[in-house]
Amino acid sequence: MKKKLFAAIAAFSMAFVMAFSMAACGGSGEAEPAEVEQKEATEVAEDVYSTKTMAYFREYLVDGAYTMESKYDMDGLEVVSFVAVDGNQMYSRTTMDGMESILILLEDAQYILDPASKLAIKMEIGADGGGLNMQEMFAEEEENYETAVSYGDMEVNGKNCFYEEFTVEDSSVKYCFDGNDLKYILTEMDGIIYTMEIVHMEKGADADLFVLPDDYEVMAF
187 MKKKLFAAIA AFSMAFVMAF SMAACGGSGE AEPAEVEQKE ATEVAEDVYS
237 TKTMAYFREY LVDGAYTMES KYDMDGLEVV SFVAVDGNQM YSRTTMDGME
287 SILILLEDAQ YILDPASKLA IKMEIGADGG GLNMQEMFAE EEENYETAVS
337 YGDMEVNGKN CFYEEFTVED SSVKYCFDGN DLKYILTEMD GIIYTMEIVH
387 MEKGADADLF VLPDDYEVMA F
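In the working numbering, the protein residues as written are 187 to 407.
No lab work stands behind these hints: they were computed from the structure.
All values derive from a computational prediction rather than experimental measurement.
Please note that the accuracy of each hint is not assured.
Cβ pair distances, simulated, as ranges [to be verified]:
hint	residue 1	residue 2	range
1	D364	E310	38 to 48 angstroms
2	L305	R244	38 to 48 angstroms
3	D261	S357	16 to 26 angstroms
4	V404	M375	31 to 41 angstroms
5	E403	E332	44 to 54 angstroms
6	I378	M309	26 to 36 angstroms
7	L305	E332	37 to 47 angstroms
8	M309	D364	31 to 41 angstroms
9	D400	D376	41 to 51 angstroms
10	M405	N346	44 to 54 angstroms
11	E341	V385	14 to 24 angstroms
12	E332	D400	44 to 54 angstroms
Every residue, glycine too, gets a C-beta built ideally from N, C-alpha and C.
Throw the hints in and build the complete structure from the sequences for me.
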């Protein structure tokens, strides 16, 4: 899968489809003194990490368990996503235009749940192809986030943020922070910028989320 780590941070919400135009206060040129100070404040020993984004990834992802709420716009409709990850398990609940869908990814199978009909579609993954190993994904993609292509200040949705920009699989990805909190992930592909807002992020995940509800009828494929 391309952009594996970005996909994990973005909580596997796969349809970023609105072009979003924003005014950048900082750019890819030389940083202003204030930007340099903020950049230096995010740097620690070179063998640990060298960017604010890397520090954030390590804080939330390296242990493999986190919970995240996010939202983005799809064709003029607001999409709200709730995702929990714990080791090789993932729970994802997406709401759009009043419709809710749920995905539960386990070690050997994934379930797509329709709350309205209480129907669950089960798809076997297999011993070698299932699960989500956050540590392995992070290790594979870690080098992409050690050094930012550019950094500075920019305005996103009327909010001033500090951003770090990276190039991953020929796409430009900006991680925008309010202090130490990641607020937006901006991905530019084919000249279009897709924006995800991080509403809430915390360590750990509720184990009950990864258990298939008893009141669902399961159809296996």
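Verification of the supplied hints:
no.	hint	in the structure
1	D364 - E310: 38 to 48 angstroms	holds, 42 angstroms
2	L305 - R244: 38 to 48 angstroms	holds, 39 angstroms
3	D261 - S357: 16 to 26 angstroms	holds, 21 angstroms
4	V404 - M375: 31 to 41 angstroms	holds, 36 angstroms
5	E403 - E332: 44 to 54 angstroms	holds, 48 angstroms
6	I378 - M309: 26 to 36 angstroms	holds, 31 angstroms
7	L305 - E332: 37 to 47 angstroms	holds, 45 angstroms
8	M309 - D364: 31 to 41 angstroms	holds, 38 angstroms
9	D400 - D376: 41 to 51 angstroms	holds, 45 angstroms
10	M405 - N346: 44 to 54 angstroms	holds, 49 angstroms
11	E341 - V385: 14 to 24 angstroms	holds, 19 angstroms
12	E332 - D400: 44 to 54 angstroms	holds, 46 angstroms
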